[in-house]
Each structure stands twice: as structure tokens, then as C-alpha cells.
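A.B. asks: Listed below, chain by chain, are the residues.
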Amino acid sequence: MDQFAWLIPTLPLAAFLIIVALTYRFKLLSAIVATSFSLGSLILAISILIQKIQNPKTTETFINWLTITANQQTVLTLQMGYLIDPLAAVMCLIVTLIATLVLLYSIGYMKGDEGFSRYFAYISLFTFSMLGLVISNNYFQTFVFWELVGLCSYLLIGFWFFKPEAADASKKAFITNRWADFGFLVGIIGLFTVFGSFNFTELSAVIGLHQNTLVLLILGLLVFLGPMGKSAMFPFHVWLPDAMEGPTPISALIHAATMVAAGIYLVARGYILFASVDSVMIVIAYIGGFTALFAATIALVQRDIKRILAFSTLSQLGYMMMALGVGSMTSGMFHLTTHAFFKALLFLGAGSIIHAVHDQDIFNMGGLVKKMPITVWTFVIGSLALSGIFPLAGFWSKDEILTVTLQHHFTGLFILGTLVAFLTAFYMFRLIFIALFGDKRSNHHAHESSWTMTLPLLILAILSIVAGLVNTPWFYQWTGMSFSTFLFFKEPEIPVIHWSIAGLSSLAALGGIFVAWIIYAKQHISADKLAERFKGAHTLLLNKYYIDELYGWVFNKGMIGLGKVFNFIDHTLIDGFFDGTATLIRSTGIQLRLFQTGRLQQYALVLFVAIAAMTIWGVR
Amino acid sequence: MISLFYLFSAILLVFALGTVISTNLIHSALLMMGSFFAVAGLYLLLQADYLAMVQILVYVGAIAILLVFGVMLTRKGSIEESNLPNRYKGIGLLTALGLFGLLARSIYYTRFPAPPIGHPTQSILAIAQAFLLQYFVAFEALGILLLIAILGAILIGRDSK
Amino acid sequence: MIGLSHYLFVAAALFCIGVYGVLTKKNAIAVVMGIEFMLNAVNINLIAFNHFMAPNHVIGQLFAIFIIGVAAAEVSLGLAIILSLYRQRHLVAIDEMDILKW
Amino acid sequence: MHLFLLILIPLIGALFLILIPEKHQSLIKWTSAFFGLFGLALSIHIFFVFDKSALGMQFVESIPWIRSFGINFRLGMDGLSLSMVLLTSIIWFTGILVSWDLQERVKEFFIYMFILVAGVFGVFLSLDFLIMFVFLEIAVIPKFVLIHVWGSGKKEYSAIKYTLYLLTGSAFALIAMMMIYLQTMTLDFTQLATLTFSAPFQKIIFILLLIGFGVIIPLWPLHRWTPDGHSSAPTAISMLLAGVIMKLGGYALIRIGIGLFPIGAAFWAPLIAVIAVVNCIYIAFVAMVQKDLKYVVANSSISHMGYVLMGLAAMNTVSLTGAASQMFAHGIMAALFFALVGLIYQRTHTRMIADFGGLAHQMPRAATLFLMTGLASLGLPGFYNFVSEFLIFVGAFKTFPVLATMAILAVVITAIYVLRVVQQIFFGPRNPRWDNLKDISNVEMIPLIILVVVMLGFGIIPAPMTNLIDQGIDPIVQHEVKGSL
Amino acid sequence: MNISVVSLELAALSIGFLIIIFGLIFPSFRSSKTGGYLAIIGLLSMLIGSFFLPASNTQTFINAFYVQDDLALFFKQLFILAAIFINAMSLHYLKPYTKNKGDYFALTFFALTGMMVMASAAEFITLYIGLELMTFTFVLLTAYKKQDLKSGEAGLKYILLSAISSGVLLYGLSLLYGLTGKLDFAGISSVFSLGATSPLVVWAIIMLLSGLGFKIALVPFHMWTPDVYEGAPTPITAFLAVGSKAAGFIAFIRVFFHVFSVYTSIFMPLLITLTVLTLLIGNLIALAQTHLKRFLAYSSIAHAGYILLGVIAYSKLGLSAILFYLMLYLFANIGAFAGVTALVINTGHDRIADLTGLWKRSPFLSVIFLISLLSLAGIPPTAGFIGKFYLFTEAIHQGYLWLAALALGMSLVAIYYYLMVLRTLLSGTNEETKSFIIPFSLRLVMIVSAGMTLVIGIWPGPFTDIALRIAQSFL
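Chains as they are written, first to last, in our numbering: chain C, 1 to 620; chain E, 621 to 781; chain S, 782 to 883; chain R, 884 to 1368; chain D, 1369 to 1843.
Heads up, a few of these hints could be off.
[Said to hold, decoys possible] The calculated lysine-lysine pairs, modelled on BS3-like cross-linking and capped at a C-alpha distance of 25 Å, are:
#	chain 1	residue 1	chain 2	residue 2
1	C	111	C	371
2	C	564	R	1281
3	R	990	D	1802
4	D	1728	R	1037
5	D	1728	R	990
6	R	935	R	1086
Hints are computed from structural coordinates only; laboratory data are not their basis.
Model the full assembly from the supplied sequences, consistent with the hints where possible.
C.D. replies: Quick look at the structure:
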């Protein structure tokens, strides 16, 4: 089956081309084309995953896309091809699954929008580039699709380009990503210059021999810049909250499940590069941990439902990065998988709420449980999974991460992890109690969404429940294999539960829910008085630690100012110098012209004076 | 013999200075004629008898008279101010004196080789031979030149009706 | 004994007087007179050299005759132009003749 | 016979146009389009006939021109010059199509354009320095007239400024040429390649060539003619200027500078690298604060040529191939950019970015094309620009790691000002002022589609073009390696 | 008595007299253009004949004082060619000004004779007389438009200043005669080769330099050129710019290449300083000119500077560069002046501003101006570029890199002011839309001169070979 792996990305590409070329005017037809092609690549992905489970050996084939020869030997070869191993297979499944569900969901959500077929074309292009990135076998091809994914996110965030905020958000997303990709590109080129190849397998063979050298440290950090941009780690996180300007299914697909996961995937794919330098791992772990805490605190006070989910995604990504940084690729990827399901569920749920209420501020919602039962209850399941309550997927993956942090003696991060678990539970249930239950605040007349929107919710809800079990000890005894034996770095790990840690994290989660219940459901402690007491902290969190303003200031004052200075140099100094010499020459010409007075004797005088001067010189 | 040279030179230089300084154009014309005579005298001292005769005939006889005619025809306003100096009087004097000083200095410092002792030739015969043989082309060209002068005088000088 | 340099001095003096005449006189005819003096100075030079330096051939005197001829032609043409200008502009002073300038 | 014919086509075309009386404007346009197409067809034919594997010059033709100087009229072509010839003929043909609705003095416009193109073809094909110089200068006067008469904005000032900058530059190259001629009594590239020059001589010659051709590229301090020249020129001409004329400098610097004087080139390489970085970053910042759309595009061209300079500075096969392919890629992109800006200017009669807003509503086609060109200019994969920039960075990283990193940084700044412009012009709420704008008609789309197809085509399958350029660059680098031992 | 040596001069004189006599016999002839046509036919036959004349160093008339070598023949052909163009240009130019056109054409012949005598002169007396004959004829031709004040004033200025400068020249010659006892080039150089320098030799060289410098408008002695060029009738200005300057150069070449070859250490530094001055002042003042004739005067001064570069190079190749440059200089200037004549015929004055919108009123004339001015500017398709390249290469070859660089810089300034003229010519719209009428003869002159400029530019091979052959035979 692997030899058909190149078909997975080409199907969405074909869909994109068909929509753009043929079916642009027929809205529904283009939707059907997009969804069916995506479904096709989903089936293909599933079959490859199954085949990979049977015999997990990696297969790689590529073509020499571009070769530069100097004196008959090839100096540089750029390859295009695919590398299918358990990691790629899992990622393909996640991407195609979520894409198909979002496409299905969007048919309902985007009905009536005049850019309907343009929307489906962009999504197909996005799926193509994401899949291209996932199955690529070398850093060059990864970088190519990495940029294309950035482009698609730019196009989709700025889909409603007539909204100025959307246009700004899309530009911000693209530029922030470009800043990060700058480091990534330098890293790749550095790798090529030092190790001589872009190919993953060749590189991992060569890097394996080196340990903790300075060059590897620099290259590791540079390459890590790319994932920091794409997965919105701390300094590059500013674009993700603003990316919510795009349509909600997009936020679900791109800014929850797939694109932001690309960063984590890349770290996993090139894990040997990071793993071989301890200090890089520490950096990754602490950046992940810090981002998790940082985002979770901001989410506490947000009013917009999509902003809360965005910050929660940020925090969960921090979690995954922490897991990778700590040293366990498996737990990171496992959390990525489960998170993809329930976060997509939460976003789609939020989408159907917004679709019904036409407002994104949670304080204008309330009392939806009776009007939209499926959406509400699937949303609650998602929140439970996210908070890590026992049977659901979140519990298993979060618990896995916490155990791994403890095992690798990162006690500080372990405490931070549990605190984040508490905060996550708190802000999720704050949202639930305000928006879904409680009394109806504004005169919205909510109604349940159509089947195309609720079916994906149900599927995702089931997955959020079931997905966690894959990595449980019972599943391992029953089927002889589990997630961690399937997808691992160096050697497989047998899943085992450490009840003490699991208990602690569940306690934190339940505590979070309880506190949220006290403040928002029962209003024993009024939220406003709390906000009053911690006035400073509240406003700080509300304004996202003023980082946006900082970047804005740096950009407007710094860049534009510098541009003005350089423009000044260009216009007045350089132009002044060259034009100045021209006018100088011209004015000397005008002055000299007046010397010709027209008087005959002056000419004779000049003649004789010249002769006298020459003889004085000559006869000395 | 020696005094004759000084006599002629003195007359020459005094009359020349006179022509150049006087503000009355007629005086300067006449003084010029006198100086041409002195030049003819010098030629005689240098055994260039034919030259002296040509000098008197052409310069004194033709050119000086022509200039006097010119002076007469272009009289305007009082004759006393007919030949005033222009704005370059000072610099002109300075340049002239400078040139003379430099020239005199160079002449003073050049040691001319001893003159070969040869007998002066019969000048007229030799000049005629040179005119018609070695310098025939120059001679013809001089003829054309004079024709041009006449043609020019007619074309330009004549008052067009 | 009167040597070659004496004549050269006299000729140089005459030349410079001619130059002074040319440079400082307002009246065009005076300038022509100045030019005549310069040409006469050259003639003296030539004949002096011929007499002292190369007495056995006659190039110097020949050249002097040519110069006299040219001088005559030059005076006639000069006066013709001066007269035609005078007739049109009633002007002989060269200073004012500066229509053609800059 | 191909090459001589290639130069003759525009000249014969100009003769044909002279015979047609001024009032048959459409006939003039169709004949010039025919000749443009004929030129394009011939260069594509040569592209296929060209033997990719054989190294060195092909189709070499030589006629003695000035026997007493020992200079003969030699034409020849290798991969590098073929790519440039292809670029010129594409832009020439699209340039003719873009200026289809020109009204005043149409006949002269096309005649001058044809002479200009003949000059450019001559430069790319000539194998003798003097012949190349003659063709370089033949192209100067048509450019002056075209900008002066058919330009917009402060066209008089820009025309004379443009011509004087270029001529002053070529004066330096002329001195260098003369010194070479006196040293070897021949100006034929193939013969010069066999001779060796002393190191100090090479250094002097190279700096003269650098200044001479640097003005055309343009190098940073000598670049002031580009913003005025390109924005004042009429659309088709600014396409040719930005697309092709700027490449003359780069091509000549590779062919003569690095090709014949490797030690000199190696000596001055750090200077070029520093100037390249300045070119990329400094000008990108300047482009950010421009208020006039054409000035933004003109400055972006300078900034992109900065990458070419970086490629030249690194002087290894990968970077030089990258530089040459960047010249091709940027040529196509700049032509497309100026064509679009020209079309917008034609409809809105204003070039101030502030006046625009939400044009995507009225002109969706222009918006998509402009966005695609913008993305190509900021080096998005899928376009040939990315491939060439990537090659330049890989090559340059080997010799100047720090400077190459700063050049890569410039890519980000390019992204900033390109997206700022795209957003200010096309996105945002619908602007009632532009409601009567009609989008690009199908006829006007043809040249734009050609350019996009070329840009995307080679972006997705770069191998044919890059291998072709590599065939041209390889002997130059081998000579350089051998030369500098 | 080898008559073929003076055959051209005799032919010129006989045609000249023929025209005058016809003018006397048939009064109608004087006012009609037939004299002009006769002149042109005569000159054409002379030109064709000149190609069959034997030309070598041994071709002397009576004695070695009048020689017909390759250099002389080349310049004679140049003068005849110039005379043909001038006569053709003046056919229509004179109509409004004078009745008796016959004498005008005759005078051009006498000027031509003067030039030819200068070309073949091998000793100073003949050279001087030829010089004076040419100058006096030009004075007469300059003052020919009697009723025009400018023409009269130009004539006066020209005759007085040329008389003064020939006075200085003669004084120099007399000193030369004094020092060597001879006046023929070969004799003097043999005496000089003994190498005795005295202050008077310096004087002689300086006075000769200023006398001849006056003719080729070297800077301190150039002041007459702009006024006389502007005052004279346009065809005569052309003849002055081309004929008289070329005659000045042949004299310059013969004197400084043969006679003073020993004293390069004295006159070379002087010549270099004067050339630098010529380049600077010639180009800079041309920048500020508004009238075409005056503009072309300064441009011709600048070109004298470039040609002098060849003299400073002081080598075979330098001389051949001069000869080649004179060829293209002739055609470019004739083209430009023919254009000015057409402008004067149609608009009455020669302001550069009158050229605006010429592209519409007369595309043919604007093309001619374009080609001629480009050649003067030295832009490639025309011959000017090859000429400048040849000159500058030779200057660098002899080690004057800085001088070549200065000349190149100044030629950039030159390109600026030529472009200024082209700019007015090619753009703008003029309210009078009546198109220019260009008489057939003028049109022919323009086509031939512009054509030759392009031919030399595109195919300079044969012309450089001729120049090299002549230079080799001379030095």
C-alpha cells in the first residue's frame, strides 16, 4: 500500500485544481468534490496505518527534483518524495480525518457565504500542503510545504478580507511565521552545509555520531525556531489568538488540530537533532512549560469564546512541547492525537453556538442547554476530555505527560503541569457555566444546527472518549500492542499507570471544576469582587500581558522609523550628492559662459597673457 | 655707420610710440608713416636694398595712405578724441611691457653662433629666382590672396544700392 | 659694432609697441596700425637674421616680401569691413561691437 | 545563423514599422506583436535545439569587424545567455501585448522599443567585450526617449537622470575595457579566458567593472536612478527595464568580472557581499515607507537584485547558478508586477497607495494576480523565485555565513512591505469611489497569464531552466577555480 | 616639375575663376544657383580625380618644399568633400540674402585652394601663405551677409584676431629662421636634432603653438570661435568648423610630429595643459548655450580637445586615431550644420527652443539631428563611439590614463548637453504645425552625411585601415 502514499496529498490538490478550474461557479458541487476527495485520502490513510501496524518498517522513495553539478560531480541535490513510518501514518490519519469532518461541517456552516467555493478550494489546498509536509522525507521538502501551509493559513484567516481585522490578522500570522521560518531556513541550510544533506535518514545517521557539540546546539535551536513559529510557542504566540478572525471551522482544522501540530510533528520527526544536545531539550521543555502556564493564565479572564479556546490550544501545545522537551516523543505525540480530537470538537461546538447565537461573547449567551442539547453535551464531553477527567482521552495523555516529566526528574515542570491542569479545568468550566448553563442573558433565539454540523460533533465526541484507551495497559494486554509500542523513539515503552500521579492530576482537575462551579454556577464568590481585588493582575491578563502592543510598537516605531531614516539617506544624501554635482557642473558652465564678453581686445589680451604665462613657465 | 643705426632706431621707436599714444588719429597715421621710413632705413643698413625700396613703396606708399583714407572716411565727432584708449589700458601696458621684458631677457641670453663669413649675394636676382622656382606655389598663392583682397574690398566696401 | 642682438632688441620693442597698440586702442583703425607695427617688427627680425646668420641665401628677405604682401591685403580687407560696419552702425570703437557674446 | 537572426528580428521589425504610416495604429500593433511572437518562437526553438550536455559556447559565429584593432563580431551562446535571451523575448512579447491600448505616437514607441530589444539581445549574445559594450550603449538612447516622451510623473528628470547614471557607469566599464585591450590586444572572451592576468591588474579591472556594471544592477550607492527611472517609464518599458536591463549588469559581471578576473573577484567579494546585504535590507526598508505604488515595486526590484549580488559574491557554482536563475525569476516577476501596476494605473489614474482600498471587490482578477506576484516576490515556494533564492542562500552560506543569514533576514522584511501593500490596496471594506472600475479583460489577461505560467511552471519543475544555467555557469566557475590557484 | 602634385590646386583655381568669369559675362548667372551646381560638379570631378593621383613621399613639386604624400592627399580629399557639402548646403541658404551668389561659390574654391596649399606645404612660407589665403577668404565669406550686423562684426573680429595671431606666428617663425637659418621642415628638424636648446627655441615653439592653436581653437586662443561661428552664414560656419579646423590640424601634425619631434619635453606639458583646458571649457560652456550655432561652436572646441589626445599620444596609432576621428567629425558636423541650415531656412533663427516638436513637423530632420548629435556624443551605433574608443585607448597606451579618464568624464558632460538638445527635439508640441520644407540639395547632404556616420559606425573596418596605412606612411 505504501507505494500509493504519494496519492494522499495529490487527491486534495486535484480537488483544489478541479474547484478552481471547473466548478468555481457551482457552490455545492465544489463542496462535494472537496469532501469526497478528502474522504478518499482518509480511507487511503487508514489503510496505510493498518498496513503499518502489521509490519512497522519505514519505506522511503524520492525523486531528484533539482541537482546542481560542478565539474561533473553533483554539488547539491534537492529531493521530493515520501517517507512513511508510524509517525507519518498517525499524522496522516489525524489530518485527513479532521479535514474531512471540518469539510462536512463547513457545508452547513458556510451556507450563503458568497466566497463558498473559494473557501473549499483553500481548504483542499491546505490539506494538500499539510499532507505534503507530513509525508516529506527531507528538510527541504518540509520547508517548501511548511511555507505553503503558512500561505493557506494566511488565505483562510483573511478569508473575509473585507473585515479590516481579518486582513490585519492574516498579515500578522504570515509575518510572525515568516520571522520564525527565517530561523528554520538558516537552520536547514546550516545542517546542509555542516552535514551535507537534507534527507532525514541520512542526517539522523550522521548526527547520531555527534553529541553535545556547539554546532549542533546552534543548529538545533535555529531549527526549533520553525516549530516555535508554527506551534505558536511563547515569543511567536501573538498570531494565534488573532487568527480567530477566520471562519470557525478553519480555527478548528488549522488552529487547533493540524497546522499548529506541524511544529510538534517536526520536532518529533527531527528528534535525533534535538535529543543529541541536552541543553536544547531543556530549552524546549521550559519554553513548552512556560507557554502552557502563560496561555492558561490569560484564558482565565477572556470574554470571547473562540479566544478562550485559542489560549487553551496554546496551553496544550505548550504541554506537548514540554513532553517532547522532557524526552518522551511518544507521550507528546499521544497528547497531540487526543488533543486534536477534543479540541476540534470544542471549536466545532463553539462554531455551531456562534452560528446559532451570532455573537462570540460568552456573557451574551447562557441557557443554551435546552435549545441545543447535542452541541452542549458534546461540548461538555470535550471540556471533560480537555480537563483530563478519568475515562476520557485527555486523562490518559495528560497523565502520560505528567508521569514522563516526573520520570525525567523535571519536578518543577511536574508541579507547573498539575497547576495548568487545574487552571484548564477552571476556565473550561467557567465557560460552560456562563455560556451554556445558567439563565439566558441576551434575546438570542438559539436553535440546534443541522445534521451536517452535529454529525461531526458526535463522531468527535466518541473519538474523544475512545481515543485515550489506545495507550492503556488493559488495551496492551488485550491486543498485544499500544500507541507507545507503535510510535516511539529508539525503543518502545510498555504503557503502565502510576495511580499516584493520575490521582493527583484528577484531583487538580476536579478542584478546578469545583471552584468554577462555586464562582459561576452558584455565584457564592462573585467574579467581579475577585476581579476588583486583583485589579492589576486582571487588567494585565485581559490585555494578554501587553505583548501585542510591544510588538506593534517595535514594528511601527522601529521598522517604519528605520525605513524613514533610510529613505531620508536615499533621498537627501545620495540624491543630493549626485544631483548636487550635476548642478555644480551646470552652474560653472553658466559662469564660464559670461567670461566670453564679446569684446575683441579681451580675446587678444587673453591670447597674449597666455603666451606670456607659457613663456614664463617655459623659459625658467 | 653705427650712429646711423641708432638714429634710425630712435626715429622708429619714438614715432611708433607716438602713433600708439596719441589720441588724435591723424597724428598717429602720419607718425606711423614716419616710422615706416625709419624701418626702410634699417633695411638699407642691412644691405637689403630691394627690401627697403619695397618697404617704402608698399608700406609708406600704399598701406599708410590707405589707413589715412580710412581715418578720413570714418571721422565722427571731434578728431582729438578719435583715438582714445579702451578699458584694458592698464593691463595692456603691463602685458606689452611683460612680453618685452621676457623677450629681451631671452634675446640677451641666447648666444648666436658666429656668422659664417660669406659674401652677401646679389639680392634681387636671388629673390626673383626663389620666387619663381623654390617658392612658386607660395608666389601664386600670394597672387590669389591679393585678388581676394581686391574682391573683398569691392564686395564689402562698396555701398550696396 | 652693431650686432644681431641690437636689431633683435629694436624689433622686440617695435613688436611690443604694436601689441600695446592692438590691446589698448578703442578705434579699429588704430588696432590695424598696431598690427602693422607687429608685422614690421617680424620683417626686421627676418632681415637681420638673413643678414647675420645666412647671408648666402635670401629666404629671410623673400619671406619679408611675402609678409608685406599679406599685410597689404590684410589692411585693404580690414578697412573694407571697418568701413561697411561704420556705414551701418556709425561706429568705429571696437568696445561697443559686442552683439555676438556669451 | 540563429543568433544573428535573433538580433536582426527586432531591427527588421523596426524597419517594417517605419514603413507603416502613423495612422494605421492597429496594423502597427499587429506587426509588432507578430515580430514579438516570432522572436519568442525563435528563442524557444533555440532553447530546445540547445545541447544541454555540451559545455562551453554554442552556435558561435564570427565576422572580422575592425581588422586593425583585432576585434571581430563574435556571437555565441551558453546556458546563461540562453536563459537571459529567453527572459528578454518573453518580456518583450508580453510588453508589446501590455501596451496594446497606447494612443499617442504608437509607431515611434514600438520602433524605439525594438531597437532597445535588439541592443539587449546583442549584449547577451556577444562574445566580444567591445561588441557587448556597443550593444549596451545602443540600448541607452531608446530608453532615454521612451521614458522622456511616454513616461509619467516627473519623466523629464527621471529620463536624464537614468541615462546619465548608466552612461557614467559604462564609462568606468569602458576604461576597464580599454586597459584589458591594451594588455592583450584582444577583447574576445574565449581568448581572454585562456590568458592569465597579474593579481593587482585583476583587482583594478574588477573594481572598475564592478562600478561600471554595478550601476546597472544596481549596487547600493549607485541605485538612485532605479526608483525614478522605473516609476516614470511607461508600463511596457518599465517591464523591460526592471525585467531585463537590470540583468545586463549581473550577466556582464558574471561573464567578464568573475569569468575572466577570478583573483580580482575573490579580492572584492567581501565588499560585494556587504553591499548585497545593504541592497537587500536597506532598500526593503525604503520600500516600506514609499507612498507611490510604482516606487514600492521599483525598490523591491533593487532589493531582489541584492540577492543576485550575494550570489555573485559567494562565487561558487551553487550560488552563481542561484544568482543567474534569480535574475531570470526576478525578471519575470518584476515584469508581471509592473504590468499589473500599469493596468491599475490605467484604470485609476493614481499611483498613491493611500487612494486605493478594497479593490479586490471590483477587480478580483487583478487582486489574485497581484497577490500571486507579491507572494512570488517574498519567496514563497511554488514560484521560481524561491528556488533561485534558496540556491543563493545555500551557496552564500558556505562562504559568508553571517552575511547570508542577514540576506535571508531581508526575505522577512520583503514579506512585511509586500503584504502591507497588498492589504492597503486590495483588502479592507469596499470603496465606493472605485465602483465603476472594470476588471482586467480577457485580452489583457493573455500576457499576464504567460508570465504567471512561466513563473509557476519553472517554480514547480525548475530542473530544465536551472540545469541550463548550470551548464553556462560551470565552465566559468571551473575557470575561476583554475584561475585562482 | 611634377604637375600632378599641384593638379588639385590648379583645378580648384580654374573652376573658381570660371565661375567669376561666367558671373561677369552673363549677369543673370550671378544671381542664379547655376554657379552652385557648376561648383558641385567641379568638386565632384576633383574628388574622383584625387583617387587616381599618385601619392607618396617622393611626389614633390619643384623641390622638397611642396609634397603630395598620403597624409596631404587624405586631407585634400577631406577638404573637397567638405566643400561639396558646403556648396550644396548654401544653394538654398543664400536665396534671401544676396543677389550675386556666383562670387560666393568662387570664394569657396579659393578657400579650398588655401587649405590644399597648407596640406601639401613642406616649409613654413608656403604653409603661412596657404593659411592666410584660407583665412582671408573665410573672412570675406563670413562678412558676406552685408546687411546683417552680426556677419559684419564676425568678419571684423575674425580678420583682426587672425591678423594678431598670425603676427605672433610670424614672430615665432622669424625666431625659428634665426635659430636654424632654414624654413623647410626637414631642414629645421635636422638642425634641431643637434639638440642645442636656447630660450628662443622655447619662444618659437610657444608662438607656433599659439598661432596654430588659434586655427584649431585651442582654449586660450579659442575666444574668436563662438562669435565668428554665430555671426557667419551657417554653411560657412560648417566650412569653418570642418575645413579650417582640419587644415589647422594638418599644419599642427606636420609641425609637431616632424619639426619639433626633438623638443617633446618642452611642448608636450604645454599641450597637455591646453588640452585639459580645452576639454573643460569647451564642454562646460556648451552646457549653458541656447543658440545652436554657438552650441556647435563649443562642441567643435571640445572635439578639438579629444583630437589633441591623439597628438599627445604621439605615436603611429595616435595619428591614425586622429585621422579616423577627423573623418567621422566631418560627417557628424556636416549633418548637424545641415540641420541648422534647414532650421534657419524654415524659422529664421537658430534657437534650440525652436526645435521643440520637431519630431512632428519634420521626422526626417529629427532623425538626421539624432544621428549627427549621437555621433558627436560618441554613442555606439554611430561612428563617434569607435573614434573616441580609438583615441582614448591610444592615450592610455602611452600612459596618459588620467587624461583619458578626464576626457571620458568630459564626454559624459557632452552626452548631457547633446541629450538636452535631443530632448527638446523629440518631445513637446509646437503650435505652428506647418511641416518643415527641406530643399532637395540639403536633403541629399543630410542623407549622405548621416548615412556615412552610420556606415563608419557599423562597419569601421575599412576606414580604420585607411587611417592606419596613412599614419604608417607619414611617421
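A.B. asks: Give a verdict on every hint.
C.D. replies: The hints, checked one at a time:
Taken as a hint, the residue 111 of chain C and residue 371 of chain C pair is honoured in the structure, with Cα atoms around 21 Å apart against an allowance of 25 Å. For a cut-off of 25 Å, the pair hint linking residue 564 of chain C to residue 1281 of chain R is broken: about 33 Å separates their Cα positions. The straight-line distance between the Cα atoms of residue 990 of chain R and residue 1802 of chain D is roughly 21 Å, inside the 25 Å bound, and the hint therefore holds. Distance check on the hinted pair: residue 1728 of chain D and residue 1037 of chain R sit about 23 Å apart at the alpha-carbon level, within 25 Å; holds.
Only pairs whose Cα atoms come within 25 Å are accepted, and residue 1728 of chain D paired with residue 990 of chain R is accepted, the gap being roughly 12 Å. At most 25 Å may separate the alpha-carbon atoms for a hinted pair to count; residue 935 of chain R and residue 1086 of chain R exceed this at roughly 33 Å.
Comparing the model with each earlier hint shows violations of hints 2 and 6; every other hint is respected.
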